[in-house]
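Trainee: Letter by letter, the chains look like this.
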Amino acid sequence: MTKDVSRNYLDRQRRENWLGFFHPRRRKLGDRVQLVGSARVDYVPYLEQLVPSPRGSFIFKPTKLSAIRLSGSTAFRAPSFYEAYLDLFVTSESANGAGSFSETARSDQGGDFRLKRERVVSFDLGYLSQDFDLVNFEVTGYFLQVKDLIVLSETRPETLSSNGVLGLIPTSGAFGAAFAGFENQCLTYNSFGSEAGARIFPVEGVDVFANYTFNYQKEDRPSGCNAVANQQTSKHKVNAGVQVRSKPGFDGELVFHYASPQRWTERVAPTDGTTQLLNATFDLPSYTLINARLGYRFLKNAAEVSGTVFNLGGQRFQQHPFGQYLDRRFMGFFSYRF
Amino acid sequence: MRTSLEWNKSTRRWLGRGVLATAVASLSVAACGDIPIANEIPPAGNILGTVVYSGPKPCTQNGHVVGAAVLLLFNEMLLPPPEGLGTTAASLAVVAGDKLFEGIMADLPSSTDPDAIACPDPSEPPVSVSADFTAGPLRAGAYQIRGFYDYDNNFSPILRTQSLPTAGDVGGGALENPAAALAGAKPIYSRIVIGNEDEKGNITLPPTGARVDNVTVSLGKQLTWGRPIYYWNQVFDGKTELTDQKTWVMAQDRRLALPPKANPTIADTLFLRVKLGAGVPEAEIPTAEAAPFGLQAGPPYNKFVFYPNRDADGNIIPILEIVQKAFTANVDGQSVSVPVDGIPVADMFPQVVFARLDAADKNDLTTIASPAVTLSGLVVVDNLVSTNSNSIEAALASSETPGYLLRDELEVYVRPSVACLNPLDPETHIFLVTPGLFATNDSETDPLKRAIVFPEDLKPKLVNRFKQYMHGTDEENLARVHVVEGCLPGGNYSLNTLYDTGQSWTGPNEAGHCQSPEVEGVDSAGKPICSQPPLPSRAQLISQQARLRIEGYTNGDSSYCANIHTTNRGDKTWTTVDDNGNKVEKKFQFIDGVPTVCLTAGEIAKNSDRLVE
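Going down the list, the protein sequences come from chains A and B. What the first sequence shows, in the working numbering, is residues 1242 to 1579, in sequence order. What the second sequence shows, in the working numbering, is residues 972 to 1584, in sequence order.
This is chain A alone, in the form it adopts within the complex (with noise of 0.2 Å):
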């Protein structure tokens, strides 16, 4: 794959070819056993390597319907073009005569800084039952790692050692007052966390679910670091309803989801005529959603005619801090298949 970008916020104009190489294997061993693996290999331009992204699976069947699986994945994501090639001068928010130089390389630091990829690895353990007629249910643990996020970077304000680098930007009529860009943070997330949940089908064309997600984070911070944790995933969610099919073609679903809070970090501009980015941290609360849906389907089952209700409570909630305040939502479909 080639990519192929010219933007103004850009150092230049960036090709960059990539290759990648995946291979996926499934092996029986038995009735009960199957293994699942899968080799990816990716050359990423900007990191000048090879960055491999194995996967497995160990599954165990003790019934023909039921299934307990292990599994480990690892992904990444390389720097897309704006963190890898970053060289814009900003100016500042209440001083226009001022800014900073926003560029990936640090020409304060040498030209070279080369950021890393974003890393995760997975593992989680899960059991699948669908023995029983009137219920199925599953549980899983998980453990996630992410580390090495790309995030804006602290600014270095400009100091007598830099100043020469620094100065008047003829193009722009503003002073360099100090440099920014993406660095990776400092802190390593670990996730652990459980999901359980449960699916009854008391009569025919009536299912009643339930599942429950618990997410524990706790960060690894090495000495001297300072970066300010994110907590953006709630530790709490569960997610209940009832689903209704009839043979007339009335279909209907009721849900209820709950989210505990959250509170995420931010980087904002100041505003009192400095250069250095802060700190923002927002603390979201938590919120519960009621979400219905009525349909009819006709035609055969051809065509279906519904609306949905998102938020039928009309509890306003944000899902990101600077995300605009989401309540009740009216919504019609219809749809014919051919």
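One or more of the hints may lead you astray.
Sample of chain A residues at the chain B side, in silico, Cβ under 10 Å [to be verified]:
#: 1; residue: Q1350
#: 2; residue: G1351
#: 3; residue: L1375
#: 4; residue: D1461
#: 5; residue: G1465
By construction, these hints were calculated from the structure, which means they are not laboratory data. Cβ coordinates follow ideal geometry from the N, Cα and C atoms, glycine included.
Knowing the structure of chain A, use the given hints to seat chain B on it.
Mentor: Structure of chain B alone, referenced to chain A:
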């Protein structure tokens, strides 16, 4: 013509076999009511206008004009010294030299060598050019624009040592009297209001923001001297020289043994005195002049330029302690007739102001902004008697540089008193705190021979001194000025030398310290350096590390400060406004003898167990 069957076949071929296509029409209706806007950017203001430059042609390098017009916008509540206590501009606008001189680029000197700087011959006539500027966004408030053309291209908005004009730069601002100011008169800066101002002086922005157009910034006064760079040369406590920098400490309960203006010939024995040398020590000059400092620290710039502070009529303004009009004072319940002082000691430039530093910054580079605590130094020329107005006028008249006295040295008497205020509080009160309104010669019964200052005389002068914070009637303004006997807030204090050209110098500064991400180190000769790899290491100018420390008690005895809340012969109470707008009378509170109005909220909270009133 296609039949319907052919259309069906055609359609299926287009969609492909096995593809389930779903046509979905959806209608989405938002909840009743408007979607609220979150995180709305608050309104702001902009100032637009024209920069008019009149001065020498600029230099060029590699096809670009060297320098830029630098416009510093100051909130009038935080003007720079000597008018105010601002340590940084509220905003900065720049007009690059390329833009300002765009119309006469062909007439500017140039060089084929891209690294060479081509400058005009000094005999060339001045030029006049102009260009538009935009400054903002700005919060609600009243602003002044002060500016200069950075002729030598050494300005930095961040570094203290590079943030103000130097010799050769062309100064000015948005002026009410541009022609007179450029001819040497005291500049009167225009007051530019961003927002709507009510009768009480409160300024608010409407939801649509604010825009002020047609502001003219005039740059035309070329500065002939450099910034008042200094180094601490000698420190005396009375007649005794303090040779160990660690002993440059003034006690928190420092009082004067005798009133200086009644004893001018021995005034030097009464104060902690600092003798500053102009520029840097001779051994540091080559380093200070070279990169990365580039300071005008050696000849011909290493001179202090003395000149008096004058009023609008050109008369020398005396120091605050001088009584200019006889009045009746109340001393311990007795009426005392106070006559006019016989020796009017002149208020001189460069002025010297000490500002309390934030203890959290180990490099002493951060000034505490709230409350601002400043200590005013008394600048003397030769001695206190020689600094009287008559002597000064005579000296100026006979000076080799008419109107100015050039000296290698500056002597400042450190006044044992501080002014404390919150500059951004709309109801700002000014607190003058001193450990002794009277000298320590308790055996003297005549109050005129013991009083250092009389509050009745001092308060109106403080109202005038801090007039930008005073928006009420004379009576209301006087009620917001307080003179309190209390001990001085402890800590480190920067020393700031100021000219009224906008040029000043602050120490300690980054030339004497390493700033993150610089790292402390030593070179092969054992001299301290700062390193920021891969950039070259740079020296530290040790002379730029010195500061005043206020700490401890006279003879180690803390009892005076411990009891000063009971012996305070100044104001005992002050009236403020609570959250409901009701007037509330408060007693002054003290921690270890220091009025809490001079302490930060953190200091008060940390030491609240020792709070008394």
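Trainee: Does each hint fit the structure? Answer for all of them.
Mentor: Here is how each hint holds up against the structure:
1. Q1350: Since chain B brings a Cβ to about 7 Å from A/Q1350, closer than 10 Å, the hint holds.
2. G1351: At 4 Å from the nearest chain B Cβ, A/G1351 passes the 10 Å test, so the hint holds.
3. L1375: Violated. Min distance 31 Å.
4. D1461: 24 Å, violated
5. G1465: 12 Å, violated
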